[in-house]
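Each protein sequence line maps, in turn, to chains P and V. At position 60 of the first sequence the residue is numbered 60 (the working numbering), and the sequence of numbers has no breaks. At position 107 of the second sequence the residue is numbered 107 (the working numbering), and the sequence of numbers has no breaks.
Treat the hints with care, since some could be wrong.
Derived CB-CB ranges, DEER-like [unchecked claim]:
1. P:Gly47 x V:Ala130: 31 to 39 Å
2. P:Glu5 x V:Glu81: 39 to 47 Å
3. V:Ala38 x P:Asp21: 22 to 30 Å
4. P:Arg44 x V:Arg205: 21 to 29 Å
Honestly, the hints are just simulated from the structure, not real lab data. The beta-carbon is built from N, C-alpha and C at its ideal position, and this holds for glycine as well.
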Amino acid sequence: MNARELLDRFLLTDSRDVGCDDALAVLHVYVELVAQDPDAAAARYAGVAVHLAACGPCQDDFAGLLATLP
Amino acid sequence: MDRVAGPDEESAEWLRVLDPAAPDHDAGLARLHERLLAIARGELRRRHVLVSGPEQDDLAHQAAADAMLAILAKVATYRGESRFTTWAYRFVMLEVSHKLGRHYWRSAPEALPDEQWDRLPDRIGVDPHARAEARELAAVVRAAVAENLTEHQRTLFVEIVLDGVPLEAVCARDGTSRGAVYKAIFDARRKIRAALVANGYLPPREGESA
Ligand SMILES: [Zn+2]
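Please model the complete structure; the sequences and the hints are all you need to start from.
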């Protein structure tokens, strides 16, 4: 990937991104669904999945919560 | 899978024992705290934070104690949509993030303002050997930032993207929410990209006008 393509990818925002507050509000429900059925989670919570892919702190919290599941 | 009505057995047991009227309420609180502390310790280890042993344990205790307060204050809002523990551990994760954000400033590296813009190519993964391309890229983004962002957005963009200050550290220092800072950076990225599409540096996406 050249410099412009990397920049484009870095700057590109997704309008489906729900933001931190909405993502965190359902994180406990989303994380259990991901563990059970990742496709269903991505379909039902597309905006949350998009947000977690773009937001480092929320991704950290998600990964930590996922690691606690039995 | 459809959610069953009411929480599972283990979750119901947590709810029972968290009721102040339960005869074993105090023992239940102690058990919950023990769990939260174990989760906080595990999470600090998982994040590979560069914090020494006693300090790391102190952070774990602080996170567990504050998560406990949040859980007790909000337990009435638990709707049984997940296991009780998943719902409760979310507060531990948030507190661990917050404590680490605050902790960052104890040993934050000195900012080097003169070299800030030289760091942009590296931040987005541009090959350091592509010097001319990298210099041009930094210059066009710098101009777009100066012309299109509000003062607030510009400050946060420089601090988080160029200086690499963790978003949570900015939140802890300024007393702002993660959502507000994320939104400012999100809007900054959108505005910079729009400016670079408008001046032809970046190609428009499908359905996007140049
Ligand atoms: Zn977020």
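Hint check results:
A beta carbon spacing of about 35 Å between glycine 47 (chain P) and alanine 130 (chain V) agrees with the range 31 to 39 Å that was offered as a hint. At about 40 Å, the beta-carbon gap between glutamate 5 (chain P) and glutamate 81 (chain V) stays in the expected band of 39 to 47 Å. Alanine 38 (chain V) and aspartate 21 (chain P) have their C-beta atoms about 28 Å apart, which keeps the hinted 22 to 30 Å range intact. Distance hint for arginine 44 (chain P) and arginine 205 (chain V): a CB-CB separation of about 26 Å, consistent with the stated range 21 to 29 Å.
Going through the hint list in order, the structure satisfies each hint without exception.
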